[in-house]
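> Those protein sequences? They're chains A and B, same order as listed. Under the numbering used here, the letters of the first sequence match residues 22 to 417, in that order. Under the numbering used here, the letters of the second sequence match residues 22 to 417, in that order.
No lab work stands behind these hints: they were computed from the structure. This one's a predicted model, so the numbers in the text were calculated from it and none came from an experiment. One should not assume that every hint holds.
If chains are identical, the list can't say which one is meant, so a pair holds when it fits in one copy or spans any two.
[Unchecked claim] Quick list of in silico lysine to aspartate or glutamate cross-link-like pairs, EDC-like style, CA-CA up to 20 angstroms: (1) K100 with E347; (2) K301 with E347; (3) K221 with E183; (4) K100 with D345; (5) K100 with D346; (6) K209 with D353; (7) K301 with E92; (8) K249 with E278; (9) K209 with E242; (10) K209 with D234; (11) K221 with E254; (12) K301 with D346.
Residues per chain, in single letters:
There are 2 protein chains.
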Amino acid sequence: MTSLLLRNTRPMGAAATDIAILDGRFAATGTPLPEGAEVIDCEGAILAPGLVEAHTHLDKSLLGLPWYRNEVGPRLIDKIENERAVKVSLGLHPQVQSERQALLSVSKGTTHIRSHVDVDTEHGLAGIEGVAETRARLAGIVDIEIVAFPQSGMMIRPGTAELMDAALSAGADVVGGLDPCGIDRDPKAHLDIVFALAAKHGKPVDIHLHERDALGAFSMELILERTKALGMEGLVTVSHAFCLGMADRAAAAALTEALAEARVHIITTAPASTAVPAVKELAAAGVLTGAGSDGIRDTWGPYGNADMLERAMLIGLRNNLRRDDELALAFDICTRGGAAIMALPGYGLAPGDRADAVLLTGETLAEAIVTRAPRPLVVKGGRVVARDGAALRPAP
Amino acid sequence: MTSLLLRNTRPMGAAATDIAILDGRFAATGTPLPEGAEVIDCEGAILAPGLVEAHTHLDKSLLGLPWYRNEVGPRLIDKIENERAVKVSLGLHPQVQSERQALLSVSKGTTHIRSHVDVDTEHGLAGIEGVAETRARLAGIVDIEIVAFPQSGMMIRPGTAELMDAALSAGADVVGGLDPCGIDRDPKAHLDIVFALAAKHGKPVDIHLHERDALGAFSMELILERTKALGMEGLVTVSHAFCLGMADRAAAAALTEALAEARVHIITTAPASTAVPAVKELAAAGVLTGAGSDGIRDTWGPYGNADMLERAMLIGLRNNLRRDDELALAFDICTRGGAAIMALPGYGLAPGDRADAVLLTGETLAEAIVTRAPRPLVVKGGRVVARDGAALRPAP
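When you get a sec, could you build the whole thing from the sequences and use the hints?
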């Protein structure tokens with residue numbers, strides 16, 4: 022059953038109407054539905070396209086396990102090394118964990134996920150294989166894009182680049198990267214490998230860049246140079262990009278202009294404790310921006326609930342967005358922005374678009390963000406996949 | 022009925038036990054309860070003392086009204102002037118609005134509230150009278166402390182100081198103040214009036230200080246000087262105190278030491294978009310720290326749900342608290358810290374303490390913070406006031 026009539030719903034908060042879904046796609050007003058198509062009374066709830074989780078780590082969540090007592094050290098490398106060890110000591114199962122988290126996302130109205138998945142010389146492709154299996158199991162419930170992610174570094178751990186190559190052959194969709202200076206200590210070599218893998222496999226790039234200030238700006242320049250040299254405009258994303266939060270706003274503005282020119286995208290998680298890209302500045306410059314939860318309940322930290330409406334709120338709080346038009350920007354980042362970065366075909370609410378959508382409770386989109394009530398309904402390809410805040414498929 | 026047996030509950034996450042409440046207070050283990058005392062199976066939930074909302078504005082919430090479309094200008098004074106006007110245009114009723122917000126707090130497990138309440142020459146004491154009426158109506162459900170708050174300035178609006186004096190005579194518990202430089206343009210006169218009112222009425226002080234960097238540090242020095250000169254150590258609080266987030270960490274550390282020495286307290290809302298006091302630095306220096314939601318769903322901004330567990334999460338996110346012992350600090354600020362600042366008698370879970378408490382769902386306190394599930398039970402003076410996330414008394 023992928024034909025459906027959503028009665029009495031308000032697309033993006035507009036006036037109430039009836040929305041028909043035919044064969045998994047939104048239909049033009051007045052399109053007749055097949056005999057016996059389900060009719061759902063939406064009771065005036067807002068209809069929005071599915072939320073887009075554009076940056077998370079499905080393979081490493083500890084959801085469903087006993088509480089993990091976090092006593093990890095403060096440095097980035099402490100967290101990376103602790104995680105590799107804990108995966109073994111807890112016997113963490115990437116397939117099970119990724120299915121748990123993905124279904125939590127579904128319950129919150131997310132219809133598309135981009136997940137970075139660890140590739141390293143200790144765990145090989147176990148993460149990639151596990152998340153790929155979850156992707157297959159959840160086909161028709163949520164779309165999952167896999168980024169091969171060298172979490173432990175490539176240059177500092179020989180053999181990783183070969184594993185990245187194998188991961189991309191095995192079905193990873195995007196080439197990941199990580200702090201070319203801060204972690205890998207050799208920015209030229211790191212980025213040359215990332216972009217060579219992208220060229221070899223014909224796949225886009227999404228690089229974690231936590232490096233601050235001038236250091237991060239330097240790495241970002243190297244990314245921009247390679248993007249233009251290889252004609253990869255529109256295919257490269259920088260996640261986090263904390264350097265854009267640098268105190269030197271003129272330098273940040275120049276870098277932002279360069280991103281717009283090369284059509285390099287930004288994905289933010291809007292953390293409150295560090296400098297971050299200013300989403301209004303990115304929007305003004307025309308830089309495509311998406312958002313994600315980052316790790317959810319993992320060895321890095323206990324936070325996260327996979328709710329991209331909560332992420333919109335956190336983007337709003339971080340960027341001091343108070344006006345309704347400003348909250349609309351936060352919502353756009355958590356929907357259309359991520360979808361455009363992932364180049365999702367047929368994303369939206371127009372006739373012909375794929376019926377991947379969520380009902381939101383609230384008088385306005387802004388109210389939906391600040392109240393974050395359980396989602397009454399989530400549909401994927403016209404099929405109901407969650408109701409009243411719960412995914413229909415039980416988690417493993 | 023203020024005697025009660027809480028069966029199978031885990032005080033602060035410790036091993037499960039039974040906790041008796043006799044005549045509104047926690048009783049020693051084994052104390053016999055009166056015939057017919059209610060027994061509640063807590064199913065292993067964590068028992069904590071009631072959450073403490075130490076900084077909010079009960080009189081100005083728009084809860085329960087149609088969505089307020091925020092199109093307000095960016096400056097502080099834009100928001101202040103817009104609010105005075107909107108109170109009239111919406112016919113905002115301080116009693117009704119404060120009761121709505123206070124009952125929302127109760128539903129989340131808050132048992133004590135410190136509310137700043139506007140006093141100005143346009144609205145006079147209407148806010149104070151409205152919140153005082155709510156305080157009387159909700160006696161036995163939640164305790165409300167009223168701060169007379171010159172939101173629109175005192176020196177720049179003649180007549181306000183006299184109204185502040187009248188508010189304190191009429192039942193306000195605390196003398197408020199606001200940006201002696203930034204808003205009132207005359208820091209000496211502003212603070213001299215605040216402290217003179219405190220001396221006259223024998224009441225403590227709680228001053229909003231949004232001023233940044235060196236300006237805020239200057240105002241804070243003036244507050245410290247008056248605190249010591251008047252022997253008011255332990256009776257003065259600075260809310261927000263953004264200047265403690267200044268880039269010059271040595272200057273912030275010196276100021277923090279001075280706060281500790283004068284026993285001046287800090288209340289934070291941990292906003293993500295501006296510099297804030299670092300809670301670990303305050304704790305290390307011995308500065309008593311509480312927390313609050315600030316305005317909830319008002320003309321200043323749409324955020325807030327009165328959940329002090331969410332505030333603990335936001336404190337954690339803002340201060341990069343990831344370890345369990347760090348989340349314990351965030352929880353402490355949202356409970357014991359605010360209680361100590363408000364000098365609440367008998368606050369805690371020890372025998373003899375007032376039975377103001379909340380059940381939390383989670384394996385640990387940290388899990389309770391990150392999941393923020395509806396509170397199974399809230400008790401005030403041993404009386405059940407909320408169950409399963411809903412206050413028993415209906416909101417107006």
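> The structure should be examined with respect to each hint, and the outcome stated for every one.
Evaluated hints:
Within a single copy, K100 and E347 get their C-alpha atoms only as close as 35 angstroms, which misses the 20 angstroms cut-off; across copies the closest is 16 angstroms, which meets it. Taking the closest pair of Cα atoms, K301 and E347 come within 20 angstroms of each other only inside a single copy of the chain (8 angstroms); across copies the shortest separation is 32 angstroms, beyond that limit. For the identical chains of this complex, K221 and E183 are intra-copy neighbours only, at 13 angstroms inside a copy versus 77 angstroms across copies, given an alpha-carbon limit of 20 angstroms. Taking the closest pair of Cα atoms, K100 and D345 come within 20 angstroms of each other only across two copies (15 angstroms); inside a single copy the shortest separation is 38 angstroms, beyond that limit.
Proximity of K100 to D346 under the C-alpha cut-off of 20 angstroms is restricted to the inter-copy arrangement: shortest distance 16 angstroms between copies versus 38 angstroms within a copy. Taking the shortest Cα distances, K209 and D353 never come within 20 angstroms of each other, neither inside one copy (34 angstroms) nor across copies (47 angstroms). Proximity of K301 and E92 under a CA criterion of 20 angstroms is satisfied inter-copy only: 16 angstroms between copies versus 36 angstroms inside one chain copy. For a Cα distance limit of 20 angstroms, the shortest separation of K249 from E278 inside one copy, 14 angstroms, qualifies, whereas the shortest one across copies, 52 angstroms, does not.
For a Cα distance limit of 20 angstroms, the shortest separation of K209 from E242 inside one copy, 11 angstroms, qualifies, whereas the shortest one across copies, 50 angstroms, does not. When the C-alpha separation of K209 and D234 is checked against a cutoff of 20 angstroms, the pair qualifies only within one copy, where the shortest distance is 18 angstroms, while the shortest distance between copies is 39 angstroms. Proximity of K221 to E254 under the C-alpha cut-off of 20 angstroms is restricted to the intra-copy arrangement: shortest distance 16 angstroms within a copy versus 69 angstroms between copies. In this assembly of identical chains, the alpha carbons of K301 and D346 lie at most 20 angstroms apart only when taken from the same copy (11 angstroms versus 36 angstroms across copies).
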